[in-house]
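Peer 1: These are the residues of each chain, in order.
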Amino acid sequence: MSGAALSPSDRLRAAGAAWRRLPALRRLKLIVGLLAAIAIPLGFVDTSLGIGIAAVAALYGLSKLPQRPKLVAQVALIVAFAYPEPSLSAILAVFFGVAHLPAHLRRFALPGVALAAAIAYPFFLDKLFTIPLLGEFPSVNTGVAMVVFIMMAVGLNVVVGYAGLLDLGYVAFYAFGAYTTAWLASLQFSQVKLHIGSVGITHSMPGLHLSIWLIIPIAGVITALAGVLIGLPTLRLRGDYLAIVTLGFGEILPQVARNGADLSGFNLTNGPNGITPIDAPGFGHTLHRITGGVLPVDFLSDPSGQNMYFWTALGLLVVTIFACFRLRDSRLGRAWVAIREDEIAAAAMGIPLMRTKTWAYASGAFFGGVSGAFYASFKSAAFPGDFYFNISIFILSMVILGGMGNIWGVIVGAALLSYLDREGLANIGAWINLHFHTSIDVPPYESGIFGLIIILVMLFRPEGLIPSRRRRAELHEGS
Amino acid sequence: MSTDARSETVPRRLPRNLPGPTGIVGSLLVLLVVGWLLTNLAKTPGDFFQILLFGLSLGAVYALVALGYTLVYGILELINFAHGDVFMFGGTVSAVFILEVFQLGSHERWYVLWPSVAACVVIAMAVCGVLNALIEMVAYRPLRNAPRLAPLITAVGMSFILQDVVLGWRGPNYITVPSVLPRSDVFNVGSVEYRWDELIVLLVTVPLLLALVYLVQRTKQGKAMRATAQDREAAAMMGINVNRTISFTFLVAGALAGAGGLIYVLWQTQVRFDSGFRLGLISFTAAVLGGIGNLPGAVLGATVIGLIQAFNEGLSWSAPGGDWTQSIVFSILILILVFRPEGLLGEKTPEGQ
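Chains as they are written, first to last, in the numbering used here: chain A, 1 to 479; chain B, 1 to 353.
Isolated chain B (complex conformation) (with noise of 0.2 angstroms):
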């Protein structure tokens, strides 16, 4: 048919050089961001850096819990609604383990504070990284062949199962630890103050963030971990032991959030039963924000969310506030996913459809 081998050549649509009517409401929301942003530079600019840089500790503590929620998407498709429960649990046993083992106090000299500090990390990351692992064992792999809702409902339950767990062993109040991070100034320029805790927050962030992208792009485990998300199928008949694989994946997934619970937990000094589901929401925001699957698409939609959460919490110019920062997170949330499911980095997937 000659009608057809023309219609090859000649393109359906016209190429898109203009954007459509949802990119065009998207960029007004985003002009309208920078310039709610700009003008409360231009007023408060010593507030506008000062709560910056509180931002970016923000997003460096919802990076290490949205990286958990992409490795593990990434490699089974599956979103592991645990996980802030997961978060919550290493800020739990951080905090009892400051409290009750290391027993510190605000004021440490820093050859106690910092080896208590590293072990802290340590213990967290292990306890987190094996409970994580276990949950998948029990609640996910029995339900690798059921219909892909049914891991997400176990999930849904596991999480309620940990907050109990929690709840049944330190009671339904805040368990409060002493600050023991210094709070003193790193510098204070102008009305601009920094202090050492929320640096400190980076300091023990980033190196994760950079030990992760190695392990999943220089070693052999990290490469069958890429292969096992790719296809999990191809990737077994290439030697891959699939189910390992995804136990460490886990693993890795559970250790990061319970670094980021200890780090929480020293930093904001209170953790709850409760605490991780609504942080491990946003954490799931930032992932998707970021899009799903992909680590610094996370680690850059984290310090996205981190940044508009702190902006809305502490500029004074026309901010909504505290009250409404859920909101607008899960407004945000609904809007990429709706618009743009593939996030900010996320390649083309079928997601949307």
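With the rest of the complex left out, here is chain A (with noise of 0.2 angstroms):
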């Protein structure tokens, strides 16, 4: 910067320098003392809403103090919300008590105690507190999608947080399993009649009926090999020109989705119109009497169905967790983010670039696959819209806003843009229309606003709300 003026980039970098640079009292202090100011005028408009920001400030401050008056503070906090939001109370209680843990039984019951109360989820819903501005807890089925999307993102997590390779057409793996179920277990081939472990149908329906627990699987194989096809010749290219292929290959396949419904006299996606009704994934009869009733024949049938869909969605999730966690560590995992912090340097100590790529591509598509088998299943469908553009910028976004290469961070980006997507923007909208008698209709500037977070998250902090320290450090060593 040869002596010319500064720009507006270099002005915020010197101001955050100097942020960094003041006392932690002084900046707890300013951030506290912000969001009051923020919560005040807000509390005019919706008290609660004014309330709730006080109330994080509140949290915010607590976490700084020293660990006695901490402790009293949180106790206090605690007994004051247990009359009006009983469920406040206690989820401060369960949350206080796993900060105070010693750090290594923290690592795991941080973990332990999300899954739990993720577990129970159904059945304390109707129990909990509104949200300011947000509204209700999100319903089962918004969960049942928000764990699928979580499950998506820790797959692309896979090919863009440890690979490095920016794919921009990850929702064609999703779609490419979602109409693998759609293919197995539909009246979509009904030239054929195939009944493998299907259930919640009749025995004379013609067409294929693979079991679920079979087909997702299947998917999750048949998408990594899909992955491996559209790898092979394309992998070789170097990061931009890559995610333009990504990019071609997601806009060819609803393409051929959309007018599959008649090639050359084959009938093989039913067009525009997609492929329904799919079957839904169950138990059987003979389970359902061994276990006294516990586990349903059929989803779609089941009062509980709803909570079973969720429940598998975890299950799933967590297996996709686990897998992650273990190529991460893996020599395969450590090739990967050698490819992505020094392609050259890595070749050079004999990691084979385009086996490694490759295995990063396949292990991305099938967790795509796997979510996409899972979500027709539940949604009982599969159209061409399923490979919109827009699905695969959303789930980019949430690995970029969680921290890419960081499951943590990526799991609570995906958590919290899912649940924007299924149902906080359309409250945030009704929100602010009740409050300033306007009538804006938020939902449709979706991929806008996920447009600006991915860009203010790139600017101001490229690491994502939870970093991996690792990716932290290369991003940083630029500036």
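None of these hints come from the bench; they were simulated from the model.
If you're wondering where the values come from, they're calculated on a predicted model, not measured in any experiment.
The C-beta atom is built at its ideal place from N, Cα and C for all residues, glycine as well.
Just so you know, not all the hints are guaranteed correct.
[As the list claims (entries may be wrong)] Restraint ranges, calculated between C-beta atoms of paired labels, are given here:
| # | chain 1 | residue 1 | chain 2 | residue 2 | range |
| --- | --- | --- | --- | --- | --- |
| 1 | B | 148 | A | 334 | 21 to 31 angstroms |
| 2 | B | 148 | A | 83 | 53 to 63 angstroms |
| 3 | B | 168 | A | 203 | 52 to 62 angstroms |
| 4 | A | 238 | B | 320 | 23 to 33 angstroms |
| 5 | B | 99 | A | 44 | 35 to 45 angstroms |
| 6 | A | 435 | B | 168 | 14 to 24 angstroms |
| 7 | B | 168 | A | 41 | 21 to 31 angstroms |
| 8 | A | 68 | B | 172 | 53 to 63 angstroms |
| 9 | B | 171 | A | 385 | 13 to 23 angstroms |
| 10 | A | 229 | B | 107 | 54 to 64 angstroms |
| 11 | A | 17 | B | 172 | 39 to 49 angstroms |
| 12 | B | 171 | A | 141 | 23 to 33 angstroms |
| 13 | B | 171 | A | 433 | 10 to 20 angstroms |
| 14 | A | 206 | B | 172 | 34 to 44 angstroms |
Got two chains here, separate frames each, mind docking them using the hints?
Peer 2: Listed below in structure tokens is the structure:
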């Protein structure tokens, strides 16, 4: 910068550095003060929102207090909320309790508590408090969608976060998984009749009907193969070219799906109408009888089917997360990180670039396929719209917001954004319209909002909300 | 070591006089397309030439957008993902000016029509040029030293923001303008009909292309652009203000996209918030086909892509039809990137490595 005037971005960077130099207490006071300054005027518009932001400020202030007063304040907070919002009080109690555990226990307690809370979620959902601004907690149906999106984001994280390959067509894998389920468990190919472990349909029904439990791994493997097929010719390309090629594939496949109702006379995809209905997963009559009716025959006809879908999704997610952690720490995972950080150095160290990248692609595709296969069965449909390019960007923003390369970060980012997608944005829009007497329809602007989020994150916190330490070092070494 | 010295003189491999497998496959594909075109020419010569002329105009619009991709890629090695949306923004601004400021109808007198269109060209180019330069300042400049993928990601974000800005401004429906340009025939030979609006597209585009070539090849600013593209640091040491040169490049690219947007709206009479996304991708394909970073290449690639699209959608004998245009164009993109990443006119670059 040869003496040129400071650009806005330079000024911002300088301001950031000055902020980091402030003593911790000053920073704390400033943040709490700022939140209070936001809370008070908003309190006049919506009292509960004002209280909510004030509570967040208080919580943030609390976290910096010394041990003894912190404990006292926390207990006071729990007691204070015990009457008006008992559920909030309970959540706070668990949260504070976990935070007080010693570090080596906390590492396991936090995911454990989160998982337990997620499993029990359908039971205490209706007892939860209402969040200011955002409204009710997400419904179980939304929960299923959220878990599926988290799964996809964790899968994409393997490609983008670990191996550093920007994939702008990830949705193709998801949709491919969805169509695999649609082909293997619907009336689409009514020329043939094959039932393998299918539940919830009559035996005379034509078409392929495999058990969803079989299809999910099959779809994963087929999608992984598709990923290899796409990857083999393209992975030689450098980063940005690869991104465009994946995007190209992501645009070709939906057109095939749309035009696939008549491929020289053969109906492959049923065109724009999509394939529907798709069989539901289930445990069949035998298991239903043995377990005394605990395991439903099929999820669709069961009264608590929603919850079963939710728990199945959670189960798949846990497997996905476990697999991704093991992958990251494996020889292959370390090779991915090496390639991401410096491709030439990695090649010089004897890492086979093509094979390693192809594996990244295949693994990412596998998880995309699994989530697509499950979600298609949940929605009971597969449409060409499943390939919509915005979904790719949507999942990419989850990974970027959460922190590329860090699974916990990606989970948080994905949960947040998919909640906003399903319910949050609509609720925020409703809140704005209610309190400011406007009539803005927020959801159509979703992609722009997500675009804004990824720009802001890339500019100001490229390592994401919960960064992986290694990735952060990489992103900051240039500047 | 004497053996080493000897191996210097003996070539390791025989010179490749024979085409490799990719070359054979590529030639076969090209032959297939040429055969298909010739068959169509023999069957319906009238249609063929009419579609050829249409394809040239289409290619001209693509060329304006493709040049923007190629200019920016040449100087920053960045795929400006938002470029297609800048084009769309230009189209929308022009449409709004045509409808609400100049209030043109479909049969305006020439002394009303041409000054208004000229004003629209200037306005669209100015708005889009400034917009593109602003995008660079906000979304790409702070990331100059970040990993390569960072600005690409912000570019994708910018593309979505632009779409939503237009969505919020003009709503989700097509903005339709009256067909301002004269649609009468330039000539009508046999069954080949050539209309004025198609010719006007070329008449606006070609001078712009010539002006761009002049700017890049003959002016001092153009020299600075070429120097920056070649080696940013060395250019800075020679006293070139690199940031200003990059901004200028974005300005020029945006102005071309704005002109493209206006012409597109005048010709196709409609534009919508998402019109730019697909057209941008197709134009990017054109830029890659010609060899990215190469200005004549972008024009050549755009012409080829325009012709391919026109032939595919217009010819009657075993053409896949408009439903498949996108697939065909992106297959070309993928094939080119995989087999000949340097494009038709580009030089060997390490892009493919």
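Peer 1: Please test the hint of 54 to 64 angstroms on the beta carbon pair from residue 229 of chain A and residue 107 of chain B.
Peer 2: Holds, at about 55 angstroms.
Peer 1: The hint says 53 to 63 angstroms between residue 68 of chain A and residue 172 of chain B; measuring C-beta to C-beta, is that right?
Peer 2: Cβ of residue 68 of chain A to Cβ of residue 172 of chain B: about 58 angstroms, so the range 53 to 63 angstroms holds.
Peer 1: Okay, residue 168 of chain B versus residue 41 of chain A on CB: inside 21 to 31 angstroms?
Peer 2: holds (26 angstroms)
Peer 1: How does the Cβ-Cβ distance of residue 171 of chain B and residue 385 of chain A compare with 13 to 23 angstroms: does it lie in that range?
Peer 2: holds (21 angstroms)
Peer 1: If I claimed the Cβ atoms of residue 148 of chain B and residue 334 of chain A lie 21 to 31 angstroms apart, would that claim hold in this structure?
Peer 2: Roughly 22 angstroms apart at Cβ, these two residues keep to the hinted range, so it holds.
Peer 1: Within 39 to 49 angstroms or not, the Cβ separation of residue 17 of chain A and residue 172 of chain B?
Peer 2: holds (44 angstroms)
Peer 1: Taking 34 to 44 angstroms as the hint, is the beta-carbon distance of residue 206 of chain A and residue 172 of chain B inside that range?
Peer 2: Since the Cβ atoms of residue 206 of chain A and residue 172 of chain B sit about 40 angstroms apart, the hinted range of 34 to 44 angstroms holds.
Peer 1: Taking 35 to 45 angstroms as the hint, is the beta-carbon distance of residue 99 of chain B and residue 44 of chain A inside that range?
Peer 2: Given range 35 to 45 angstroms: holds, Cβ gap about 42 angstroms.
Peer 1: Is 10 to 20 angstroms right for how far apart the beta carbons of residue 171 of chain B and residue 433 of chain A are?
Peer 2: holds (18 angstroms)
Peer 1: Indicate whether the distance between the beta carbons of residue 168 of chain B and residue 203 of chain A respects the range 52 to 62 angstroms.
Peer 2: holds (54 angstroms)
Peer 1: Range hint 53 to 63 angstroms: satisfied by the CB atoms of residue 148 of chain B and residue 83 of chain A?
Peer 2: Holds, since residue 148 of chain B and residue 83 of chain A (Cβ atoms, about 56 angstroms apart) stay within the stated range.
Peer 1: Note whether the CB distance of residue 171 of chain B and residue 141 of chain A lies within 23 to 33 angstroms or breaks it.
Peer 2: About 30 angstroms separates the Cβ atoms of residue 171 of chain B and residue 141 of chain A, which means 23 to 33 angstroms holds.
No hint from the list above goes unmet by this structure.
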